[in-house]
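Student: Listed here are the chains, written in short residue letters.
There are 2 protein chains.
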Amino acid sequence: MNKTIGLIAGNRAFPIHVARAARRRGWLVAAVGLREETDPALESEVDRMHWVTLSELGGIPDWLKGAGVREVILAGQIQARRLVQSGQSFDPATRQLLARLPDRSGDSAMKLAVRVLQSKGFRVLHSAFLLKEWIPVRGDLTRLIPMADQRKELRSGLRLARKLAAWGVGQTLILKQGAVAAVEGMEGTDETIERAGRIAGPGCVVVKACGRGKDMRFDIPVVGEETLRRLAAVQAAGIGVEAGRTLLFDRPALIALADRLGLFVTAL
Amino acid sequence: MNKTIGLIAGNRAFPIHVARAARRRGWLVAAVGLREETDPALESEVDRMHWVTLSELGGIPDWLKGAGVREVILAGQIQARRLVQSGQSFDPATRQLLARLPDRSGDSAMKLAVRVLQSKGFRVLHSAFLLKEWIPVRGDLTRLIPMADQRKELRSGLRLARKLAAWGVGQTLILKQGAVAAVEGMEGTDETIERAGRIAGPGCVVVKACGRGKDMRFDIPVVGEETLRRLAAVQAAGIGVEAGRTLLFDRPALIALADRLGLFVTAL
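Residue numbers (the working numbering), protein chains in the order written: chain A, 12 to 279; chain B, 12 to 279.
Bound conformation, chain A alone:
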């Protein structure tokens, strides 16, 4: 019998890429999706699908057990804003879980999810272990490469972005001529890019980093097509990501797109 892997799916394309990679290896995939967050297209990429709302998180472990799952991957973000917006109702089990959170950051929520899953006997796998070939080592990835002053800006930006991420601020920092144009909070990368472009104008340089001490099992930064399209829309120069700690979706298609859009992508 094939091994069944559990996939707890956040938003966007990350869970879909994981599901495809798992099935290419011959595994069955039992996925849990969060309504209004997880892409409905995931359903056709997995063997069993269980949809839950934010108020039904408490029942996930039992469903996974019933599906014969021992190993779990968490892939894709859950927007932190959903945990702090009022008017949200939670069932008693979920309320109990949320009461254990030190704060309502996405990071704390994911850490708690991992602890709960482990305490119930699941093994939590690194979310990118099936997609390692899409994690770049250091180097320029596109035909267009940063100019000398942009490289300097990227390096100092990356140092700062790492600190911001480690302190619980967002992963994305946008610079223009050495000055900080925009910092990501709960609004997400795409809105941060839009804002920087609107305020600082063309030529922005974007860095995306993972904080030290972050659990890469669920917190690896990702860059996808949508990010590149936003960068092009505001005439940004390009993006610098952390070598060995960023997932590019999917890497060959993404780099081809960056080349078409005239953006640089470089791993620092």
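You can trust all of the hints, since none of them are fake.
Which copy? The list can't say, so a pair holds if one copy fits it or any two copies do.
In silico SDA-like links for lysine to any residue, alpha-carbon gap of 20 Å or less:
no. : residue 1 : residue 2
1   : K143      : W38
2   : K122      : G189
3   : K163      : W178
4   : K163      : A110
5   : K131      : R81
6   : K163      : R111
7   : K14       : R34
8   : K143      : A254
9   : K163      : V148
10  : K163      : D118
11  : K163      : S119
12  : K174      : G189
13  : K143      : A32
14  : K122      : F140
15  : K163      : P113
16  : K174      : G222
17  : K131      : G69
18  : K163      : L109
19  : K14       : W74
20  : K163      : P213
21  : K163      : L112
No lab work stands behind these hints: they were computed from the structure.
Fit chain B to the supplied structure of chain A, relying on the hints for placement.
Tutor: Relative to the frame of chain A, chain B by itself:
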């Protein structure tokens, strides 16, 4: 003959408050305003007024000398975005000045302005030295005070906001239930508040801090009526500012307004 003080005026109400305080002491005020940035109402509050555009900054010292000025106050911000937006033309003297900037942050621009003024024989005064009674010491300033968990949130937020400010990111950090909702970049405090409210919902807590190592002669954080009105509009809980390092405009009117709006203002 009365002493003439030079006032290099950035945006909003700060320069107006400085001009009034100086004239209350019997000084003459010779002010330089930046077109499209400085409030035109300043003109009726000073004795001599000189309007410049961003392309005419190089001529400021000569004009101040001609007005008999020896001591200068820089008050009010100049939006950093103006220094990085393209399509901006600069005269040769200003271009030379800008070429000396390590980056295009407002902080670097102000530091350079101070150096240039000092090298031409001017004494640069602390921008708040005429308004010291509006700088709070530690304590709650409003009838409404933070709850215990909000105090905890304010204290950890202030630690982080100080670091952010020292690193050249903005002064404002907005939290909701311990999670970072929004961080200020070039967009300014008011837009940051609007965003946090839109994304994280009611109940946000705002902190505003001055980075260590900042030159308080031109970089003291300020809170005015507009900030409080924005806070009320997004149903934020209140604001925590750095004791001894924040100017409240004007303090009695501001605290009365906060009380009317049901916001807390506390100095940490």
